[in-house]
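Chains as they are written, first to last, in the numbering used here: chain A, 1 to 85; chain B, 86 to 257.
There's no promise every hint is true.
Stated by the list, open to error - Below 20 Å or equal to it, Euclidean Cα-Cα: the simulated EDC-like pairs (lysine to aspartate or glutamate) are:
1. B:K139 <-> A:E59
2. A:K17 <-> B:E243
3. A:K57 <-> B:E188
4. A:K57 <-> B:E189
5. A:K13 <-> B:E243
6. B:K204 <-> A:E59
7. B:K124 <-> A:E59
8. A:K13 <-> A:E23
9. B:K250 <-> A:E7
10. B:K250 <-> A:E42
What the hints contain is simulated information worked out from the structure, not anything from laboratory work.
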Amino acid sequence: MRSELTEISLIDKYLNKQLDEEEKKTFEALLLVDEVLSTNVEAQRKAYRVIRLFARKKERTRLEGIYQRLLREPAFAQHLKTIFS
Amino acid sequence: MIERKIATLEDPLTNLYRSAFPDCAKMIHRMGGTSEQAKDCFHDALLIFLEKQKAGTLRLQSSAKAYVLGTAKICWLRSLDRSTDLPLPEGFEPIEVGEPDQEEKESILLESLQRTGKKCLELLSAFYYENFSLQDIATRFGFNGRRSATVAKFKCLEKVRHNIKTSQVYAQ
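Same shape as in the complex, but just chain A (with noise of 0.2 Å):
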């Protein structure tokens, strides 16, 4: 992999926990005094939050998917209504 792949996938490993303690502490050090891996370490987590963002309102669609298919189902829909009536 080139560098910057291997950069990606140890930051990688230390926001997802995957560093032993050793491995922790060198990072955390080396953080401390390389302003460039620091600023690529926030911008990496917020690409997980855009990712679980991405594949939350995909789940939201499915599952309104599910409503609306039910909503056509009678004995659903009647049930829905007298509970809301």
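Knowing the structure of chain A, use the given hints to seat chain B on it.
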């Protein structure tokens, strides 16, 4: 008979939905909520349930239905009072954490990423959210084995990260 056959062929999530949502609706209705609010709470609860299931951290004390109903109730109470200390099951963090400002930034960013790198987002969420193995990802996305899938995963992560670093949204 045919209906029963269809029901067993259906995915477990639809079955769970069909069996749990009416009870959730009744519960939220009793507490003064609308049907739309009942659905919102129910979806939050299902999302939590699904995420824990995918992460392999779901510990059911009774049934999936009871878990989802209990979680939906907590989501409803939390929505009434943002300051409540009521913890979600097993300390699960709220669905949308963080500052509203931050969430907005993430949404804007996501929109632009969806236009330029949908496939990367699909791949990354398969790995980080769905917890698929690299072998599964290789098969699903047509890579030549785990190694290629690993490289593709990190290249995608690099792309998303680069977008974040150069995005106006995060400019100081």
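Hints broken by the structure, by number, lowest first? Violated hints: none; all satisfied.
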